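Colleague: Turn these sequences into a full structure, and let the hints guide you.
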Amino acid sequence: MGRANGRKWCRMSAVKDLWDALSHRLTIRELASMIKGENRGNRVSLMRASNSQGKLVIYYLQESYTDSTGSYVIYAPLDEVAISALSRGSDPDKVIILPSGFSILPGPLPGKEDGGTASFLTVAFHIVESTTIRPFIASQSIQTIYKIITDVVASIKNTTDEQTTEGAMDARSADPMHIAIFPWFAMGHLTPNLHFSNKLAQRGHRISFILPKRTQTTLQHLNLHPHLITFVPITVPYVDGLPHDAETTSDLPFSLFPLLATAMDRTEKDIELLLRDLKPQIVFFDFQFWLPNLTRSLGIKSLMYFIVHPLSSAYLGNGPRKSQGRELTELDLMEPPQGFPDSCIKFQPHELRFLVSVRKFEFGSGVFLYDRLHNSLSMADAIGFKGCKEIDGPYAEYLEKVYGKPVLLSGPLLPEPPNATLEEKWVAWFGGFNPSSVIFCAYGSESPLSQNQFEELLLGLELTGFPFLAALKPPDGFESVEEALPEGFRERVKGRGIAYGGWVQQQLILEHPSVGCFITHCGAASVTEALVNTCQLVLLPRLGTDHISNAKMLSAKLKVGVEVEKGEEDGLFTKESVCKAVKTVMDDGNEVAREVRENHAKLRSFLLSDNLESLCVDSFCQQLQSLL
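What the sequence shown shows, in UniProt numbering, is residues 1 to 628, in sequence order.
Don't read these hints as lab results, they were simulated from the structure. None of these values were measured; they are calculated from a predicted model. Glycine residues also receive a C-beta, built at the ideal position from the N, C-alpha and C atoms. Treat the hints with care, since some could be wrong.
To be verified - Listed below are the simulated SDA-like cross-link pairs for lysine to any residue, each with C-alpha atoms no more than 25 Å apart in a straight line:
{"#": "1", "residue 1": "LYS405", "residue 2": "TRP184"}
{"#": "2", "residue 1": "LYS401", "residue 2": "GLN623"}
{"#": "3", "residue 1": "LYS557", "residue 2": "SER514"}
{"#": "4", "residue 1": "LYS473", "residue 2": "PRO258"}
{"#": "5", "residue 1": "LYS473", "residue 2": "THR574"}
{"#": "6", "residue 1": "LYS575", "residue 2": "GLY465"}
{"#": "7", "residue 1": "LYS583", "residue 2": "THR534"}
{"#": "8", "residue 1": "LYS389", "residue 2": "GLY339"}
Unchecked claim - Using C-beta positions, here's what the derived DEER-type ranges look like:
{"#": "9", "residue 1": "LEU256", "residue 2": "ALA420", "range": "45 to 55 Å"}
{"#": "10", "residue 1": "GLY393", "residue 2": "GLN338", "range": "12 to 22 Å"}
{"#": "11", "residue 1": "SER609", "residue 2": "ASP270", "range": "35 to 45 Å"}
{"#": "12", "residue 1": "ILE498", "residue 2": "GLU595", "range": "22 to 32 Å"}
{"#": "13", "residue 1": "LEU256", "residue 2": "GLU482", "range": "38 to 48 Å"}
{"#": "14", "residue 1": "ILE97", "residue 2": "LYS494", "range": "27 to 37 Å"}
{"#": "15", "residue 1": "LYS494", "residue 2": "PRO243", "range": "36 to 46 Å"}
{"#": "16", "residue 1": "GLY502", "residue 2": "ASN599", "range": "42 to 52 Å"}
Modeller: Here you go:
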């Protein structure tokens, strides 16, 4: 099996009863955990094993750890008497534990090249039960240990067989659903929808994932459950003015996005034929405003699923604003809509101008973007958002009242621990600096800056005096980052600063102990990756209503980051404002920094709670079932 799946399989409480012979098929759930270091998979956990009536039978203490050489998972049963004694302050050295466990070692399958597979290693120890030491081990003891180990190995083999998946076994569901997922043709939509598909497949649900034909190869490695998640390729129809080889927004400048939306709309007949053949029970979609009428005619339910939090739709959407019949103005957007559950969200004049202009943005087939979204929201059977009730609940409940239909929250959808390791050149470069001292700036694959703002950003990083890596797209009008650098910049920052125009392993860089600050455009995926790490957040939203609203939530409501100051009217930042924001979060003695660090640490701990995401996805699935 895959190395990442191997270590995850061994440490997950929800599937331990499927393979651990000592568990006697009890229901096991994690009660508490303590994360060790930067990798959230490295943790010590306390688990509770219960019978079918929910009665406590025994506890487990478990430690899991991963580094470049492999992984291990070690666990030991503890009875209630021992746990009670420990909670009263008894000496932990007097509690006897008998650990079991595995090492998960890198190793190719027989006859195959190493494709990230793993082998399991366990070692049996003879436990001395009396003070009388015998010169031999009783055959009965050997037979008992042999049976336990062979039973466990057989269970692992059976439950990870190619004809099943850990997701199917974890589902415990008598009624798995068949879900078709049809995202907007952008990697920023396709990828998070596939991540969510993996979590649904973990629970045994079958996914038909509709995507542009050539995009399959790009996303194939992210499909963790190929026996439950099937890619359904479609051809992107030709639209006059759209390059023939364009399939996603990554292939296009922003100005041509509406043509791609028109092409997506022209797939309607193909989608109808596919749905008639696939016969899913429900279809997830986002920008395809025509899809709910189609699914309704076929007797299929529809869910408009957003990969972002509900704040933006709740504050800015046509439904809450009841704007039909007239155009909204900047003055309208200065105040939240009636009944909006929050008063701390405030926008600057330049943001209001942008938000009003977006409402008039034609986004394919002659349809305004906000009309496209509003029609989808109004016609779908239900609405889904990324988020959890503890943070996003008030906005979801507000939208339920506005649209009169269920609003489901899918959980924070944390990124899976990456299977890859950081490139050696970056390991060496980051390794040359002190812990938490490097600024990492990644400004989004679809967010090019103007030349002026590109220069101000780099000069601001230089001004901080900290080492930095800036991963940027070339500014408008330039072919490369190098040719757009400010005069003399490369020489002045040599040895401590890099402006890089290529793709970088953002998730792995954010996990590096040398990174102390992350400057982000506030895209949903980037924000989530940052929040589960310890680097401090500097917020510099660029494009997209969700980027702007994410920045407001993080800075004004959650207070886990500092937004770069911009001119109220022109919306431009300066090198001084970039430097100021960075120094604010990096200064340990600063009161704002202390508050931000404390809030970030609390939110990180909350998001990394093992039960949080599992409970959110389980609840999402239960509500989905109730729609059918």
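Colleague: Please test the hint of 35 to 45 Å on the beta carbon pair from SER609 and ASP270.
Modeller: The hinted range 35 to 45 Å holds for SER609 and ASP270, with Cβ atoms some 42 Å apart.
Colleague: When you take the CB atoms of LEU256 and ALA420, is the distance between them in 45 to 55 Å?
Modeller: Violated, since LEU256 and ALA420 (Cβ atoms, about 32 Å apart) do not stay within the stated range.
Colleague: Is 36 to 46 Å right for how far apart the beta carbons of LYS494 and PRO243 are?
Modeller: At 39 Å between Cβs, range holds.
Colleague: Are the Cα positions of LYS557 and SER514 separated by 25 Å at most?
Modeller: 28 Å, violated
Colleague: For the pair we were handed, LYS575 and GLY465, check the Cα-Cα distance against 25 Å.
Modeller: Distance ~12 Å between LYS575 and GLY465 Cα, so the pair holds.
Colleague: Just to be sure I understand the hint, the distance between the Cβ atoms of ILE498 and GLU595 should be within 22 to 32 Å; is that true here?
Modeller: Between ILE498 and GLU595, where Cβ atoms are some 31 Å apart, the hint holds.
Colleague: Does LYS583 pair with THR534 here, judged by a C-alpha cut-off of 25 Å?
Modeller: 16 Å, holds
Colleague: For ILE97 and LYS494, compare the CB-CB distance with the range 27 to 37 Å and indicate the outcome.
Modeller: 54 Å, violated
Colleague: Take a quick look at whether LYS473 and THR574 sit within 25 Å of each other, Cα to Cα.
Modeller: With Cα atoms ~19 Å apart, LYS473 and THR574 stay inside 25 Å; holds.
Colleague: Just to be sure I understand the hint, the distance between the Cβ atoms of GLY393 and GLN338 should be within 12 to 22 Å; is that true here?
Modeller: 19 Å, holds
Colleague: Check the following: the C-beta atoms of GLY502 and ASN599 are separated by a distance inside 42 to 52 Å.
Modeller: Cβ of GLY502 to Cβ of ASN599: about 33 Å, so the range 42 to 52 Å is violated.
Colleague: Can you confirm whether the C-alpha distance between LYS389 and GLY339 stays at or below 25 Å?
Modeller: 18 Å, holds
Hint compliance for this structure: hints 3, 9, 13, 14 and 16 are broken, all remaining hints hold.
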